[in-house]
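For this one, chain A is given, so just place chain B on it according to the hints.
Order-wise, the sequence lines are chains A and B.
The first sequence begins at 1 in the numbering used here and counts up one residue at a time.
The second sequence begins at 1 in the numbering used here and counts up one residue at a time.
Treat the hints as calculated values from the structure; they're not laboratory data.
Do not take every clue at face value.
[Claimed, not checked] DSS-like mimics (lysine-lysine), calculated; alpha carbons at most 27 Å apart, straight line:
#1 B:601 / A:372
#2 B:601 / A:449
#3 A:451 / B:601
#4 A:372 / A:361
#5 B:168 / A:365
#6 B:601 / A:365
#7 A:475 / A:510
#8 B:483 / A:372
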Amino acid sequence: MVVTSPLPPIAVAIPVLSGILIFFVGKRSEQLRNRLSIAAVAVTNVIALTMLPGVLKGSIFKAHLMQITPRIHQTPSIWLHMRVDPVGLLFALTAATLWLLATVYSLGYMRDEHARTRYFAFLLLCLGWTLGVAFAGNLLTLFIFYELFSISTYPLIIHEQTLEAVQAARKYIVYILIGGSFILFSIVYTFSLANSQTLMKTGIFPAGIDFRILSILFATFIIGFGVKAAIMPLHGWVPDAHPAAPAPASALLSGVMVAAGAFGIIRVIYNVFGTQLLKQLGVGVLLAYFVCATIIISSLIALDQDNLKRRLAYSTIGQISYIVMGTALLTDVGAQGALIHIANHAFMKGTLFLCAGVIIKQLGKRNISEMKGIASRLPVTMTAFSIAALGMIGVPPLAGFISKWYLGIGALDAGEPLMVVVLLTSSLIGAAYFLPIIYTAFFQESEEKLKVTAKRAHQKLRPVALSEDSPFSLKEAPLSMLLPIIIGALYTVIFGVFAATGGLPLSLAKAAVKLFLK
Amino acid sequence: MLSSRPLLTMLYSYLPLWCVALPLLGAILVYLIGDAHEKVRDICTTAVTVATFVLVLLMYPPVILQRTAIELTLPILAQGIRFLVDPLGLLFAAITSFVWMAATIFSLSYMHHEHKRTRFYVFLLLTLTANLGLVLAGDLFSLFVFFEGLGFLAYPLIVHTETGEALKAGTKYLFMTIFGGLSLLFGILLLYSYSGSLALIPALETLRGAGYVKYAVSGLMILGFGVKAGMIPVHIWLPDAHPAAPSPASALLSGVMIKAGAYGIIRTLGAIFRPPFEAQEVAKVASVARHVQVVGKTEFLWETTRTLGYAVIWIGIITMFLGVLMALLQDNSKRMLAYHSISQMGYILMGIGVAAYLGREGAIGFAGGVYHVINHALFKAALFLGVGAVYFRTGELNMYKLGGLWRKMPLVAIFTFVAALAISGIPLFNGFASKTLLHHAIVEAHGLRGDNWLKAAEIIFVITGGGTLCSFMKLTIFTFLGKTPARYEKVKEAPVGMNLSMFLLAAIIILFGIFPTLFLKTFMIPALEYWRYPSESLEHLAHFHLWTLPNFVDLMPSLLVGVLIFVVGVRYGLFHLHFPQWFGVDYWYYRATIGFLSLAKGVSELYYLGGREVARVISVVLAVYNWVDLEWKTKYHQLLLAAVLGIELAKEREMIRRIEKVLREEVLPTEQVAVGREILIDMTRALVAGKRDGSEVIREANNRLTDVMSKYKRQRLFEKYQVEYRKVRDLYRVMEGNVLQRASDWVRAMARVAVEVLFVERVPWMIEQYYTEEEIVGTRNAIRAYARDMSLNVLVIVGMLLLFAVVLRFYH
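So that you can see chain A by itself, here it is in the shape it has in the complex (with noise of 0.2 Å):
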């Protein structure tokens, strides 16, 4: 049942205006600014939230806003044009969410930085744009909007414009705008060869195309949304990028950029090719393998990394491959896991990257090798740590438990138990990367705390003295930083425990699987 609806436009409109006012509101006052910062990201969540019932039921809510190009003899027009299946609402939904939780979090972190007003703006602006991706109802919107996005990313890369960070975000445009002009091309063409846009649910290539202008096309698609996805060898921008930015905008960049790429993956074997025509082709379980790559090799490299936010961004690449990777499977149940996997690792590993961000921003640290016993001066950053990091190795009952099992099974279906295997390897090796952290942080003493110890016992004082900067005392960052980790951390543990729950995100994925697959 498809019904018009002016809700989608007004979902993206609300943050975008809202972002361009902030421009405005910003210098006068930054109470107002705040405020309405929190204001347009929440109302954008119950808008967005309004439409999950009438998804979850069935039907398909759609806008026609305006002719891009006008009618050309036998081509059709293309029309801005809007539409909200149950992959577009769980992406949207999971976006808005975590960027409500960003954006509380960006009042106390950002609190002392410069450029707020600019920060905000663009916060906000991301988030509409995000949304018009997610509501895509033809594949030019969807590049239209992904364009703008990418564009708008830049000045949250660059924020703190340190050498670091303006060198992360060059690399990052560059990236960026090369995959986008492998979209563009790819839509032109695909536009050229189906002479329709739509993203209509089984394909929409008519028969009798060259199999092998097929097979080209959807390299060129993947390469274009592989480099968002970041896909090795296109992933060069990620591990720049997120140690550059600001923890907040380093959790949106994890938890829905990245994943915005895959998002388009998905659009184009769901939408575009269609999984029937992609198994003729047989270029689903090959890219299925390419990926594989990424995850054994990114999960490697991020055992190498010292500083945290670049083993996190590691992480990421990997964990992105499992989206691409479940959703080239072409089964149903490892569609499932693919699309659970984009709301379980958005908030997973944005609560990893807000709690990193507090660990710089409070104790200034940002190397694992310096996190000696710092659990117990945050303890509470550092139990919503763990749990989020169990969460991302698969430790049942949390939420990357149940994408595991969903993606396992799926491989299993189509045949492909070797994948199994590197799910598993890429779990193990997960668990090396994000064991040590915890139980440093947890069961080592710190160094200075040993050494004033040790100090206070040669001169025969009492042995702790508690004072603000002493090692030992409570550090734990204020209210406005704290609330998003903790529901970030509970965010894991009811997308496991609960998981089965309607109107969580696997009842939108088996809504999904029902439309695209079935």
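Chain B in isolation, oriented as in the chain A frame:
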């Protein structure tokens, strides 16, 4: 009465959930109470474990007496968590909650001087939740969830002391556990994908088409459970983790948690990898022809079970033998007990293996294995607590350094003796019954199938029994008998709580020892009935006579071997031998880990090397690209500057680049800067063009700069400039010769000063003071480059369109 029935059933059906939830809620409560109210917290912890034990016992009437399994499905997680309490599960649940209760009571006094007690108690209760959930789980999914949970939750217990040694052991434990979990998960996923079901029911029939996959599945599952069970060769975490943990935790680890692995293997072999139950029911009622057909069909399926069983028998035999061998060489008593845990798990594995190997006739192996699980939980927990009590009072774990303690702590000595006798399989103690059953099982396996290798297995079994006896003679004699070292003269009896918990365990040990068939009748026969073993073999088992002469005679060789080893060992100091490093599996694991880490490092280095090379190529391309982008005027300036100033050094070149950049970029309308720039450009231009004399340029420049400086009252800068100027001027005066050379020196020096002036002057109107000039300029450049890159983008699109035009032309 009638109406209360469904209510009762409903209450019963929620019992497993309560058993699992109660410790979880208790853990939350204990965490909330925390260190503030120590007494309340301790009472709370104990009460929760006692209540859990009672709740588990409440399930006895419906499950055992009424023979109805309790089922419950919770719609959480992806597949739903299912509980199914059958006699076997209940049995494990009962022993789990009982040992937990004893260990908790023990830890109240033991943990008194330890740090972070709240954490310990919280995780003690959480692991109880996981362990109970594991044995009450109704399908493989739920079982796996609790299995993984148990693995991770036990970690804080193992590393509780937080010493380096404990952390090392903990890490080893953690990674072995994860490895086992993943292997198990792979097995379960494969099973699910081939048989389409995760229930704990026979699945062999549905796997018939799977070929060798079924061996892969069962192998992976046994490996996964085996890691937890301490099966050789994946046992390596166990001898490190047990001594590192506090004694109550070691008692739980060894007594109960590793049994989770055994439980899993029992379920794998006994419930999943076997032909369907129904076959034999059908056979009873059907015609003879059908009977033959059905039996033929199941015979075929039994073949797989038998193969697996045979493999597990040998794994068990090897595990028990090597475990004892290593145990004999230990001096740390906890480490010795840990190796005995491995060895005793070997007994259990062998029992399970015999059960699978003999198929329908395997009831005795099954009974022996399960009985030994229970017995081992009791006596091993008692032993760990006993050693723990000794450690609590003396602070010493090395048994050779202790002695004569029975005078100081008689109760502890008695309880430890009881447990030691039990583990050695002496009559009147519980180990005797299960060991005899297991011995019968292996003999029967040999007798019924006629495999001669199994005769050898039996001999190893007997020798292992001797080794066990010997090693406990060692432990008890060196610890409790002989002379008391002087430093332990003031040692007191252990606290009441410790003795109470050991008393509980010892009482059950003796109870089971004196009435060995009590357990068989109350628990084992119903369990075997539930598992549809033929009634004849159950009859046989129900009337099993333990107290017969042949059984005692069978025991004799084992005892003799034990005493012999002890005498010879002590006489010739054999117990202090050490195997070469390469002999241990541990060494090879270590090597493998190191290898893996260096692989990761290698990959990472290769990656960065590749990255650097690519970056170099890109930077060359970018340099050309930037060069093309520059204005022709700038290019000209740069070239001339480079030529005139004779720049060979990269550093100088860098400086010129910077000057150039600042000159080019800086368009801010401040007078100072504008003037400074003017001067510099003038001078450069003049020099480059060679139109004016060097000295003239200098004088003029000096005047203008001095004007600027004085105007803005930059005293410090002015002085600096003057110094520099004088130096340069002197240089000019002194040096005769190549004017150009001197001038170029001067320009360099002046340029440095000027750049500095510019930089410092910029500070007030820069947004961020702490950014260097380079970064600001870099930012601006990057933003400009951003715009430029867009053009590159268009270029790429055009290029690709062209490429595709070519492709299309080629194809059409």
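Hint-by-hint comparison with the structure:
Note on residue 601 of chain B and residue 372 of chain A: the hinted pairing holds, with a Cα-Cα distance of about 23 Å set against a maximum of 27 Å. Proposed proximity of residue 601 of chain B and residue 449 of chain A is contradicted: the alpha carbons are some 31 Å apart, above 27 Å. Between residue 451 of chain A and residue 601 of chain B, the direct Cα distance comes to roughly 32 Å. Violation of the 27 Å bound is thereby established for this hinted pair. Annotation: proposed proximity of residue 372 of chain A to residue 361 of chain A holds, straight-line Cα distance about 17 Å (limit 27 Å).
A distance of roughly 24 Å separates the Cα atoms of residue 168 of chain B and residue 365 of chain A; the hinted pair therefore holds under the 27 Å criterion. Between residue 601 of chain B and residue 365 of chain A, the direct Cα distance comes to roughly 23 Å. Compliance with the 27 Å bound is thereby established for this hinted pair. For the hint pairing residue 475 of chain A with residue 510 of chain A, the CA-to-CA distance comes to about 43 Å; that exceeds 27 Å, so the pair is violated. As the CA atoms of residue 483 of chain B and residue 372 of chain A are separated by approximately 46 Å, the hinted pair breaks the 27 Å bound.
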